[in-house]
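Peer 1: What follows is the residue order along each chain.
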Amino acid sequence: MTAEATALSGPRFPVARLRGPLILLLVILASYAVIAFGAGEQAPAQFINAVTIGALYALIALGYTMVYGIIELINFAHGEIFMCGSFVSWSVITTMGITGAITDIPRLVIVLVVVFLISMLVMGVVGVIIERFAYRRLRNAPRLAPLITAIGVSFILQNIISVGISNSVVTIPQLIPNTKLDFGVFSISVINVFVIALALALMVALHLFITQTRLGTAMRSTAMDREAAQLMGVNINTTIAITFFIGSALAGAAGVVQGLYIGVTVFNIGFNYGLKAFTAAVLGGIGNTTGAVLGGFVIGFLEVISQVYGYANWSEAVVFGALVAVLIFRPTGILGQQLADRA
Amino acid sequence: MTATSTVPPRRPSPIGRIRAFFGGHQSLAIIAGAAVVLLVLPQIALLPPFSGFGTQKDWVGGFSNAGVFVLLAVGLNVVVGLAGLLDLGYAAFFAIGAYTYAYGASPFLNLHIPFWIMLIVGAAVAAAFGILLGAPTLRLRGDYLAIVTLGFGEIVPVVILNANNYTNGTNGITGLAQPSAYGLFGVDGFGFSNPWPYFVTVVGIVMVTMILLYRLQDSRLGRAWVAIREDELAAASMGINTVTTKLLAFSIGATTSGLAGVFYASKLGVVTPDQFGFTVSFTALAMVVLGGMGNTLGVAAGAFVIYEIQSTGLKQLGQVVQSLHLPVVALGPIKVDIGSINFINYQYLLYGLALVGMMLLRPEGLFPSRRRRQELHEDTDEVAEFKSAETLEAIDR
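The listed protein sequences correspond, in order, to chains X and V. According to our numbering, the first sequence is numbered sequentially starting from 1298. According to our numbering, the second sequence is numbered sequentially starting from 275.
Derived by calculation from the structure, the hints in this document are not laboratory data. Since we're looking at a predicted model, the values are computed, not measured. A hint or two may mislead.
Stretch-level coverage of chain X by chain V, calculated; a stretch enters the list once three of its residues show a Cβ under 8 Å from a Cβ in chain V [stated by the list, open to error]:
#1 1432-1444
#2 1470-1479
#3 1529-1535
#4 1547-1553
#5 1563-1577
Where is the CB? At the ideal position from N, CA and C, for every residue including glycine.
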């Protein structure tokens, strides 16, 4: 609640600004070495896979970290928003009557833009509605109350989907053709390029929004000190609603990516992804958007590494072990310039 | 509320006198309550409309399962209601208790330790896991506990599922021994076809647990829990070791869950990983919140009612609605056929709505503890201030 609480900004000093990218580079190199050791020939493909999954986790983790940064709430419903996003993309795609890959490039672009826009918009609005009705009234209540409503909302969303749409695995048509770009040394699927580029573009856009715009400044000031921000003329309710909108829209985009990349979704998928993305947010330093991205990639690498070494079933346990280890040894996360409240 | 409440000088009525007596002797009150439950509940099952839903034996078997959830809920109430910590992985300790019993009393490891010893062993093992998990996380803010327990609750079934060699994976461990009362008290003959001894046992376990929990609640430790819940900083300033105190609450919750697990495993005779999913933790949380966080008796009553509604009520509701032959309502393109709704599918949706609704409208629960209600409505003054600030803004404009 005080000044030491979360700031949604990147590091303040120019030298420190390079810390995030440097650590990311180190993580990438180390992970590549570990993957190469375990996967041999398959290493480049597995590495790309890890980056893609990492980008997916990073997109979800951003929502967790933004919401935590601004109202200090673990939004348990965030994983379900991601899941709902994948269902929205599924319904949009099937409504348009598409059943397989689209080879016509202009048409593919239009379809992708429509799917992403609708999914992000719908989930953003859902996020705002959830904040308005389930969290806003409890902003000054004891800490336990909003946590309980959050878990309640998560169950509501999950069961609306499971009762209303489907309680089994739903297959989402793969829009992007499965062609490979060959670079001689290695080849990479179009879908991987697309997912990674999209995720990076969204992250850069978010970063610019937070650091360069008035609304972004309002968000950062609200995260630092809500009362002071209010005194400076920031409309707290609008700012928090916008934070929820952006975070949920990113989760909606992640939901579409899930459909495009993995090709299936199911009503209880949000739980697992939510847990991993939250771990990513904590790993990077919760409240820190750069950290969330870093954490997302770390989790992606951890997961693929555990698969490469033949422990695919244990990837959740590995990620959970990472979460507990971070909380024991460095509760502020890898980048955490913000102090975790130990009270 | 507390055991020390003074007896009023003039006793208005015999009921008041009884209330005053039991107010001062909570343990006796709980024993009396357990006796009433033991004698009256099975008789209620014989009355219409309940007798129409199943035989007395079915009901008594159901009551034993309800007892498991009562036990889970009163244990979780210590963590959530008294200490104000959110534990979302409660089912993990339930699973640990159950698997401990499976290891100790089945052909799997060829051990045949008596149920009553395993009851204590299972609880102790669950408590040990509670301390292991709580020690690193309780130093941090409460939210972290919520997410770590959520993760733990998710991981334990995954580990059980994947560690095939040690847990038999998906198939679980079968052939768990039935308890034996050694012919004492005439309650012998535990068996799948005879639910009575289980019912008696679970009432006994719940009774002892509740006596202990009530004693704890009014002890120095219990007051420390409430102090931490209400204001952690102030409690720490008064010399309370917040980490140890929270850890004790957390592990006592885990212990109770372990007890419930041992009993549940002995009743079913088989343990599989899918019995201990997140829905169990969530159901227990809904029971605590609906019953009234912090009020052990309210939580126990809430747990019993919710369990009976979910196990019998929803099914019966579905059958009743079906028998009415309601017409299919068409809302535009959507056709709503109320008669074909399977109400059991809506169970968790209802819990979710109930949790959100309760937190927004009546955070103290259906059977509130007086103290908790005051605390949860503490912010009403702040709301008033906030409102007046808004009015000022409106005038400014």
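Peer 1: Work down the list of hints and note, for each, if the structure agrees.
Peer 2: Results of checking the hints against the structure:
1. 1432-1444: Held - the region 1432-1444 of chain X has 10 residues with a Cβ nearer than 8 Å to chain V, which meets the minimum of three.
2. 1470-1479: Three-residue rule not met by the region 1470-1479 of chain X, so violated; n is 0.
3. 1529-1535: Not satisfied, violated; 0 residues make the cut.
4. 1547-1553: violated (count 0)
5. 1563-1577: With 5 residues closer than 8 Å to chain V, the region 1563-1577 of chain X meets the three-residue bar; holds.
Consistency with the previously given hints fails for numbers 2, 3, 4, ordered from lowest to highest.
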